[in-house]
Amino acid sequence: MSNLISQLNLLSPEIFVALMAMLILLLDSFIIDKNKHFIYGLSQLTLLVAGLITASLGFSGPQFAFEDMFIFDSLALFLKMMSFITLSIVFIYSRNYLLDRKLLNGEYFSLSLFALLGIMLMISSKNLLLMYMGLELLSLSLYALIALNRDDKKSNEAAIKYFVLGALASGLLLYGMSMLYGFSGSLDLYTIGNVIQTQEINSELLVFGLVFIVVGIAFKLGAVPFQMWVPDVYEGSVTPVTMMISTVPKFAAVAMLIRFLFQGLDYLIVDWQQMLLIMAILSMIVGNVTAIAQKKIKRMLAYSTISHIGFILLGFYVGTIGGVQASIFYLTTYIIMTLAVFGLIILLSSTQKSIEFIDDLKGLSQTNPWEAFLMMIVMFSLAGIPPTIGFYAKFSVLQAVIDQEVVWPALVAIIMALIGMYYYLRIIRLMYFEKSNKKLKTKSFLPMLSVLTINAGGLLVLGIFPKTLMSISALAVGGSL
Amino acid sequence: MIANHILSIAIWSPIFFGILLLILNKKISIRKINYVALFGALVSFIVTIPIYKNFNTTLSTFQFQEFHHWITPFNINYHLGVDGFSVPLILLTSFMTIMVILISYQSQKLKSASYYSAFLIMSGLMIGVFCALDSILYYIFWEAMLIPMFLIIGIWGGPNRIYATIKFFLYTVLGSLLMLIAFLYLYFKSGTFSIIDYYYLPISLEAQILIFLAFFMAFAVKIPMWPLHTWLPDAHVQAPTGGSVILAAIMLKLGGYSFIRFAMPISPDATLLLKPLMILLSLIAIVYIALVALIQKDMKKLIAYSSISHMGFVTLGLFLISPLAVEGAYIQMISHGFISAAMFICVGILYDQTHTREIKKYGGVINKMPLFTAFAVFFAMANAGLPGTSGFVGEFMVILGSMKENFWIAFTAATTLILGAAYSLWLIKRVFYGDIGNAVIAKLSDINSREFLILGSLASLIIFVGVYPKIISDITNSSVLQFIELVSFSKVEML
Numbered sequence: 001m002s003n004l005i006s007q008l009n010l011l012s013p014e015i016f017v018a019l020m021a022m023l024i025l026l027l028d029s030f031i032i033d034k035n036k037h038f039i040y041g042l043s044q045l046t047l048l049v050a051g052l053i054t055a056s057l058g059f060s061g062p063q064f065a066f067e068d069m070f071i072f073d074s075l076a077l078f079l080k081m082m083s084f085i086t087l088s089i090v091f092i093y094s095r096n097y098l099l100d101r102k103l104l105n106g107e108y109f110s111l112s113l114f115a116l117l118g119i120m121l122m123i124s125s126k127n128l129l130l131m132y133m134g135l136e137l138l139s140l141s142l143y144a145l146i147a148l149n150r151d152d153k154k155s156n157e158a159a160i161k162y163f164v165l166g167a168l169a170s171g172l173l174l175y176g177m178s179m180l181y182g183f184s185g186s187l188d189l190y191t192i193g194n195v196i197q198t199q200e201i202n203s204e205l206l207v208f209g210l211v212f213i214v215v216g217i218a219f220k221l222g223a224v225p226f227q228m229w230v231p232d233v234y235e236g237s238v239t240p241v242t243m244m245i246s247t248v249p250k251f252a253a254v255a256m257l258i259r260f261l262f263q264g265l266d267y268l269i270v271d272w273q274q275m276l277l278i279m280a281i282l283s284m285i286v287g288n289v290t291a292i293a294q295k296k297i298k299r300m301l302a303y304s305t306i307s308h309i310g311f312i313l314l315g316f317y318v319g320t321i322g323g324v325q326a327s328i329f330y331l332t333t334y335i336i337m338t339l340a341v342f343g344l345i346i347l348l349s350s351t352q353k354s355i356e357f358i359d360d361l362k363g364l365s366q367t368n369p370w371e372a373f374l375m376m377i378v379m380f381s382l383a384g385i386p387p388t389i390g391f392y393a394k395f396s397v398l399q400a401v402i403d404q405e406v407v408w409p410a411l412v413a414i415i416m417a418l419i420g421m422y423y424y425l426r427i428i429r430l431m432y433f434e435k436s437n438k439k440l441k442t443k444s445f446l447p448m449l450s451v452l453t454i455n456a457g458g459l460l461v462l463g464i465f466p467k468t469l470m471s472i473s474a475l476a477v478g479g480s481l
Numbered sequence: 001m002i003a004n005h006i007l008s009i010a011i012w013s014p015i016f017f018g019i020l021l022l023i024l025n026k027k028i029s030i031r032k033i034n035y036v037a038l039f040g041a042l043v044s045f046i047v048t049i050p051i052y053k054n055f056n057t058t059l060s061t062f063q064f065q066e067f068h069h070w071i072t073p074f075n076i077n078y079h080l081g082v083d084g085f086s087v088p089l090i091l092l093t094s095f096m097t098i099m100v101i102l103i104s105y106q107s108q109k110l111k112s113a114s115y116y117s118a119f120l121i122m123s124g125l126m127i128g129v130f131c132a133l134d135s136i137l138y139y140i141f142w143e144a145m146l147i148p149m150f151l152i153i154g155i156w157g158g159p160n161r162i163y164a165t166i167k168f169f170l171y172t173v174l175g176s177l178l179m180l181i182a183f184l185y186l187y188f189k190s191g192t193f194s195i196i197d198y199y200y201l202p203i204s205l206e207a208q209i210l211i212f213l214a215f216f217m218a219f220a221v222k223i224p225m226w227p228l229h230t231w232l233p234d235a236h237v238q239a240p241t242g243g244s245v246i247l248a249a250i251m252l253k254l255g256g257y258s259f260i261r262f263a264m265p266i267s268p269d270a271t272l273l274l275k276p277l278m279i280l281l282s283l284i285a286i287v288y289i290a291l292v293a294l295i296q297k298d299m300k301k302l303i304a305y306s307s308i309s310h311m312g313f314v315t316l317g318l319f320l321i322s323p324l325a326v327e328g329a330y331i332q333m334i335s336h337g338f339i340s341a342a343m344f345i346c347v348g349i350l351y352d353q354t355h356t357r358e359i360k361k362y363g364g365v366i367n368k369m370p371l372f373t374a375f376a377v378f379f380a381m382a383n384a385g386l387p388g389t390s391g392f393v394g395e396f397m398v399i400l401g402s403m404k405e406n407f408w409i410a411f412t413a414a415t416t417l418i419l420g421a422a423y424s425l426w427l428i429k430r431v432f433y434g435d436i437g438n439a440v441i442a443k444l445s446d447i448n449s450r451e452f453l454i455l456g457s458l459a460s461l462i463i464f465v466g467v468y469p470k471i472i473s474d475i476t477n478s479s480v481l482q483f484i485e486l487v488s489f490s491k492v493e494m495l
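Going line by line, the protein sequences match chains S and E.
Per our numbering, residue 1 is the first one in the first sequence, and the count goes up by one each step.
Per our numbering, residue 1 is the first one in the second sequence, and the count goes up by one each step.
So here's chain S without its partners, still in its complex pose (with noise of 0.2 Å):
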């Protein structure tokens, strides 16, 4: 009993969120609440209280629970507050914007709620059927999400479009699955590891079960050339929901590939290593290359996004705990700027007309010089240019990288970067060397301004005090590979 109870706690942060988010499905039909006051405080307090549950779980090396399919180690610690506090914020940058929209509804805040259920679930699986119920229960979600504005024609070609593409992903990682099951008998990637090592088994077939794994991962992940949904995706949905799609489920995506490739497949590691660096390498050129071509500004994002998952593979590829700690610190950095430019383009988006163009940001820095100028920081950053934290993420994969004396990586890596910041100084070239045509009219929310500021300007600050965030981000890894 007492054992149970102990497994139960090492759950109760993920209990605690379903339980929410069931919840605030029922109260949102029966509560009158206009604003939404209530859901979005009653959600925002999920967070915080999952996280201080998480916390409050502290790190003492890896716990596992339920016959082992549960495992919260310092990574899922690590992978899960950000989550949290991810979520968080996405949240507060999303409030207004739907309000203003009257899309703000309680399915928004369950729905996202539910997402992060599977994202937890997702972090914390060493199994295979724990695993895929996690991914199913975000793509679930996410599905929804995007299809948020139901009467709009580009909402819902976008989810449809996800939804197929998703469903063809998960099918095609059930059926490596299967394979690795068939292989091994047994689910529980541990033991697949292990009987991978021992026994000897046809690795002709192994590898081809690997292939299907990774191919859902990379999926999930928006790797080339399975990057086909990020783009329309991006654009189709509502800002809110692209800033929560190319966030949060990323920390899942990662986990996925950490858990899979690290901690089962690691005997493998001379064949994945080749299919990470080819989507690494792709994902580089066609990332950056096309957005160069992009006129709207939530499809030039999705393809730096691309270009951004290239580098986090770039990481990985390497296959040192140092290569691991590069790519959780680049994807730390990746979802702080990504917060940041999708916030700030929400933040400049009017009841009327939301910022949909590039161009539409002409000659910002005459009109609303204190957004151009964290814009600014954010595009440095984004390109990666020192003194902003991008720059050292950068740096940390190309270390990475070059560690294991290849260097012809880190050199496709760098002239793709050079490509990259084209069209980011493009952004910054609009902003402030040309002159606007029309003054945006925005609503300055305080709280969202003020958490925006902090957002952006902490790229600049963690720039300039890098020390932590790369301790941290190597400690997650540490304790767990």
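These are computed hints drawn from the structure, not numbers from a lab.
A couple of the hints might just be wrong.
Heads up, incomplete: computed chain E residues facing chain S, CB under 10 Å, no partners named [said to hold, decoys possible]:
no., residue
1, N25
2, H69
3, I71
4, T72
5, F74
6, I76
7, I136
8, E143
9, I147
10, I166
11, V173
12, L178
13, L184
14, Y187
Everything numeric in this text was worked out from a predicted model, so none of it was measured.
The C-beta atom is built at its ideal place from N, Cα and C for all residues, glycine as well.
Using the hints provided, position chain E relative to the given structure of chain S.
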């Protein structure tokens, strides 16, 4: 306490005033902004003087060192220190910032607080480059410096400014990123980012060549060396006067300084191997670019090309690797800082009144601006290398040094004395002499006391260094010998 942080103060005080100006922007009048900016620049200059005063010229080691742990996971430290190569350039930087702020008093009325603040912040970052002894710290200063310059050209530049500034930015960053790879490789080999440790790190010849080429890409773009120079004329023509001054006086010097600090001592064997190629590139820059300068129709473009040609002397001197030539190259850097800045300021003064830089739209300026013409002719003479000016000393030393190496190198380099005189004096003839060209020229008025102060102080410095170059060579002397020793020391044999 303060004595230990002398370099940090030199770096951060202009940055502090720059940020202060950004905060004060639109809160106080433009007039007060001007005073705050000038005050900031003066304070920043004064705090660099102790570096020169207390510098021990007999030592070749790094002085005033400061060391703080910074990014411990990668063993990156906040490590500062200066040797003879850094000190004159630090003073040049802080001095030029005053000039730039003075010259911008009239021409930049719009948004002057952010304009000044960009220059002050850039000044601090450039001093940081000259002080950094940790390669990543150096790299961060080096890259961060691009941001203010990018904005200065892009916001306050000429009609084609966007093309120019993006070209400038991307050119420079391409080189810098390759340099970053070189640093990461050196870190992989040595486990440290400390520049001093790199000097004694044994590296194989193949690796040295690759490292040298990576550094070469970064620094040759900055200097710029032929054929990587094409961004410079565009950037110069489009930049506002202050931007051109800083670009010519300091930014180009960063390339030369970095060759001395990184490329040559870290990969000495590759330097010796590639020496003929580097000398060839320098000679092409000296002769070919001087010819290009001759046919320019735009005054700023002409001076920009003349800058490239003069920087050719710097690289030539450095790669001859003899004490005399290196010393000459270094004096040429400082002297070119004064002369090119003075010439860009002259063009700026004319442009403010006429709004054109095209040579053929001028003529007979002397009739309206006699005092200004006197200065302009003097600077053109200095640019051509007139004995008694600082322009002569550096070029003469480099030519002497190259004579020891090979007669034909010296001969080719010396042709620039003719070509330089040709384009400088022809420019003077077309712009200043003759009859008054048109109605715009007829309305010109002579320089005011502020402009007189700027041009006068630059002219006196040019003469001072010209007749007493010892003031620079005294500081650099022991560092030059140390540098020659490092470059002549084969690292391959250490393996």
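Hint-by-hint comparison with the structure:
Nearest Cβ of chain S to the Cβ of N25 (chain E): about 9 Å, under the 10 Å cut. The hint holds. A least Cβ separation of about 9 Å between H69 (chain E) and chain S falls short of the 10 Å threshold, and the interface hint therefore holds. Interface hint status for I71 (chain E): upheld, as the beta-carbon distance to the closest one in chain S is roughly 5 Å, under 10 Å. Below 10 Å, beta-carbon pairs count as interface contacts, and T72 (chain E) has one with chain S at about 6 Å; its hint therefore holds.
Given the 10 Å rule on beta carbons, the hint for F74 (chain E) holds: about 7 Å separates it from the nearest Cβ of chain S. Restraint check, I76 (chain E) versus chain S: the minimum CB separation of about 9 Å is within 10 Å; hint holds. For I136 (chain E), the interface hint holds, the least distance from its beta-carbon to any beta-carbon of chain S being 8 Å, beneath 10 Å. Taking 10 Å as the C-beta contact cut-off toward chain S, the hint placing E143 (chain E) at the interface holds, the least distance being around 5 Å.
Using the Cβ-Cβ criterion of 10 Å, the hint placing I147 (chain E) at the interface with chain S is satisfied: the shortest such distance is roughly 7 Å. Evaluation of the I166 (chain E) hint against chain S yields a held restraint, the C-beta minimum of about 6 Å falling below 10 Å. Proximity of V173 (chain E) to chain S holds as hinted, the smallest CB-CB distance being about 6 Å (cut-off 10 Å). A cut of 10 Å between beta carbons decides the hint on L178 (chain E): the least distance to chain S is about 7 Å, and the hint holds.
For L184 (chain E), the shortest C-beta to C-beta distance to chain S is roughly 4 Å, which falls under 10 Å, so the interface hint holds. Using the Cβ-Cβ criterion of 10 Å, the hint placing Y187 (chain E) at the interface with chain S is satisfied: the shortest such distance is roughly 7 Å.
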